[in-house]
Amino acid sequence: MFEKVLIANRGEIALRVLRSCHERGVRTVAVHSEIDTEALHTRLADEAICIGPDDPRRSYLNIPAIIAAAEITGADAIHPGYGFLAENPEFAETCAQCGLKFIGPTPGQIRQWGDKVKSRALARSLGLPVLEGTELATNMDDAVDKATALGFPVVLKASGGGGGRGMHVIQTEEQLRAVFQAARSEARAAFGNEELYFEKLIERPRHVEFQILGDEHGNIHVLGERDCSIQRRHQKIIEEAPSIALSDELRSDMASTIRRAMKETGYVSAGTLEFLMDETGSLTFLEMNPRIQVEHPVTELVMGIDLVAEQIRIAEGLPIELPAPNLAPRGHAIECRINAEDPDTFAPSPGTITEFHMAGGTGVRVDSGVYGGWRVPPHYDPLVAKLIVHGPTRAHAIAKMRRSLAETIIGGIRTNIPLHRRILEHPAFEEGRISTRFLDEFSP
Amino acid sequence: MFEKVLIANRGEIALRVLRSCHERGVRTVAVHSEIDTEALHTRLADEAICIGPDDPRRSYLNIPAIIAAAEITGADAIHPGYGFLAENPEFAETCAQCGLKFIGPTPGQIRQWGDKVKSRALARSLGLPVLEGTELATNMDDAVDKATALGFPVVLKASGGGGGRGMHVIQTEEQLRAVFQAARSEARAAFGNEELYFEKLIERPRHVEFQILGDEHGNIHVLGERDCSIQRRHQKIIEEAPSIALSDELRSDMASTIRRAMKETGYVSAGTLEFLMDETGSLTFLEMNPRIQVEHPVTELVMGIDLVAEQIRIAEGLPIELPAPNLAPRGHAIECRINAEDPDTFAPSPGTITEFHMAGGTGVRVDSGVYGGWRVPPHYDPLVAKLIVHGPTRAHAIAKMRRSLAETIIGGIRTNIPLHRRILEHPAFEEGRISTRFLDEFSP
Amino acid sequence: MKLNWDQLRELIQLLDEANLTEIEVKQDDQRIRLRREPAAAQAPSVATDPAEPAATAEPQTKGIFVTSPFVGTFYRAASPDDDAFVEVGDRIAPGAVLCIVEAMKLMNEIEAEIEGEIAEILVENGKPVEYGDRLFRIEIA
Amino acid sequence: MKLNWDQLRELIQLLDEANLTEIEVKQDDQRIRLRREPAAAQAPSVATDPAEPAATAEPQTKGIFVTSPFVGTFYRAASPDDDAFVEVGDRIAPGAVLCIVEAMKLMNEIEAEIEGEIAEILVENGKPVEYGDRLFRIEIA
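Chains A, B, C and D, in that order, are what the protein sequence lines are.
The C-terminal position of the first sequence is numbered 1513 in our numbering, with every residue numbered one higher than the one before it.
The C-terminal position of the second sequence is numbered 1513 in our numbering, with every residue numbered one higher than the one before it.
The C-terminal position of the third sequence is numbered 121 in our numbering, with every residue numbered one higher than the one before it.
The C-terminal position of the fourth sequence is numbered 121 in our numbering, with every residue numbered one higher than the one before it.
Keep in mind that the hints were calculated from the coordinates and are not lab data.
One or more hints might be untrue.
Below 30 angstroms or equal to it, Euclidean Cα-Cα: the simulated DSBU-like pairs (lysine-lysine) are [said to hold, decoys possible]:
no.: 1; chain 1: C; residue 1: Lys85; chain 2: B; residue 2: Lys1170
no.: 2; chain 1: A; residue 1: Lys1170; chain 2: D; residue 2: Lys85
no.: 3; chain 1: B; residue 1: Lys1269; chain 2: B; residue 2: Lys1215
no.: 4; chain 1: C; residue 1: Lys107; chain 2: B; residue 2: Lys1073
Hey, can you work out the whole structure from these sequences and the hints?
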């Protein structure tokens, strides 16, 4: 068992990891930038090390500083959370070289799924349904040929992108000619990789993703799906489990296919396979995220498990420990991501939180890295809290989320709570008529 | 269905009821004293009515004011919470006379279980195991005769008492002669009823209680038990579900006996049958509380139900709606009552809460009626929050409660959190070696 | 009003002793503002105003407020056919019936406790009132 | 009202003693405003001190602090057998090596950026340091 884990992250996910460590009797080391000296993850950890200035490139992305912090505190392992260094294979490798266990998949697995074109090919070879798409477009003429062969409308994607970044919907050849060079420069600047390819456009897709866990003993569990269709500019803002769009048959077929595929790759730790569902209900592979996701709590609530505790167990070399061999979702869970941003313009709204009263009571979970009096810094992710509810049915969960949003009061900064309230009150949401274009089409 | 419910209470239980109402789409009316104008139950209700000054006798116990508040707001029903008017049969009767549905048992049932001597006789007649005890002692000599016949040590109890109030442990005849008259005057002053009787003393009992629900259609459900042995001066401070002291066989036998007994009385709404368990593991009836209890959340967590929502459904005339016909507890839940009091002297500590940061994360529930900046008034119950955790096993739940207590910060007032931490760290608690004398014997 | 140095010092001391957060003194329209620390400085924003204690003297409005001692329904007359007990401008003596507050079908007559003139009637006939709601302002000539 | 220097000093003292955050005095329309900071703005009590920014001049101690630019282990000498790079009292010039901070097996030499005298060595040899930790105090004569 680990004695001490360094958490290479901040905010709610740092706390999330800290909690599972403390419940397991594992001591924690927080790392933090100067502005995060009073952050909750810094305060609640057993030890805290300042690793650099506010700029994340010099602190939370600073590999030598983080490794040195692990060395001087004598940590056994590092949990990267999500974002920052979570999907950086060099970081995972450096950990291994320094004798630190990286709590996540192997560097090879991170690399395998990190390139979006290669990961599509891999998924196809593993028998997963993959959206019709092209090879890399080498130049403008090649791009026009490939897109025309695929048939407009198409999505132009950066091979190094992911999480909705580096994507353009292209309706016509003219439009493609107009944006191709700019998209290439953008991809090079953003991902250090200018490679582009095309996929068929699904006009009104649902985003459905499957949670998996694998261990070093060859066990793979598929822990149901999440529906994360409510997005703004490809950023998820509301997630739920299970997805009402899946029949029991499709759910079980997908679980078998995914289990077989991930067993073949020998996947270790938590991961998520993301799919798009078209209007006919068929699912095609989008990407694989080799890490814990922001929205993991909805799976935890319906499955009655602790995914981060399992990540730690797996990294310790233990087998996955689930409460029952064939877990089925119990009830329905919804998560709202509460961001420090204007609910209409979406402009970030850092500042001091003067009032912080989160909802409570039965079936309500709050994951947050802030507190009343804390100054939300402008340098990082605007997520201030995840409000997560669990009820016996989707209708109950919606009712519970409505009352939870109604009693949540965050003062001093603007948040997207009013937007969440409008979405939760919307008949289309209530009826489950959702897609990734929900916000564009309904502007609630 | 009710359109509007008046909540005749304050603090966390008022919020608890408000939440189940709002989730059901029922509007709420809060009543409050002057000092509670800014209380959370007042703020979060759809309507709030000031019913009197700070003294609870002139506000929260003021029946005409509460009924008038229901009348002027057009409420359909009144939920009494616990304490205050919850077990006052006249209040339940007045509600009925004024055309307001009382969300609880009938006035007759409240009366039936209110007198502790009569309720013992009733329990015996219903086939429940009842601790050996005496009839009422009419005078000093009669008391000595009855206690001697029962055999010292005995417990001298007030017939009008309950909830641990009006009790004296008596070891010898001399001691009895010394306290009898004083106990009688005390009982008259406290309960308006000077009647006293004796029960056998169990030296080191566990407090085990069963949650029941009954509806107007004759259904009775026994929803498992709670272990509330950690008490201070007969006030529960830590509760858990299930009790590790019960075998599956005893649990199921008790459930059958209780179900049969309560069916015979036609009991309606939520109620709790309290038992003492002696060193040999046998249970004897202590009292029946015809209301929702403070510690109900531990049952909700392990059973996956909402007891207050069921109370409302039952009062609407609907049948009880459980997720499965034969519910079994899933995992283990623990509740710590966080009181505004000195952790060593237990002196009340009202005042302004300057910092209020409750634990969060997976498996943590917070039921609280306070917020940062709120001034805890000196007039009422010192309960500021209930911290409730749920884990797959008792060991997990203990670990989760330890980390939750560690991350809970309440500033400006003293609380009993340090005491809870010491209890949760105590090997005897960890091993489940608990009785109602835990705090006396271990002084953690 | 002119403040001198000693008066200012005294003001600060008073502020501290009285646990106030703000004292504002203005000269010509003679505005004095004393604020007590709000119970809920950090509180949710769904605030309601605190109920006034019975019979409060306020600096900006002269007179005494008669507040409701009950929750109930406010009636200005004994029955719909009767005249109102009092009207604005009426002189009243202690013991004069001012209104009825009905609670649980009981008609509770509210009587004046002081002598003065009805300056304002603050609740409409037939409307619900809470404990502590202001019903009348009475000026003591 | 006219304030003189002593009165102003006294005002500041009073402000502190009475735990006020604001006093406003205006001359002609004579507006005086005293405000107390609401009590609850403060954070959980498990506070730690914020790390000092690199090379900070402090009013109470003379000189400049040299802070650690890395997380790592602090060494006063190039090897256990060598002499320390500097001792208290040494005069140093810009570019002089003061110590080593080891991070990820790399020995990072920390150099002086100013001329002065080593007034204090704030970390023991071989101890871990965080980013921003103070290593030396240098007095600029």
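Query raised in the report: Hint by hint, which ones does this structure get wrong, listed from lowest number up?
Result: Violated hints: none at all, because every hint is consistent with the structure.
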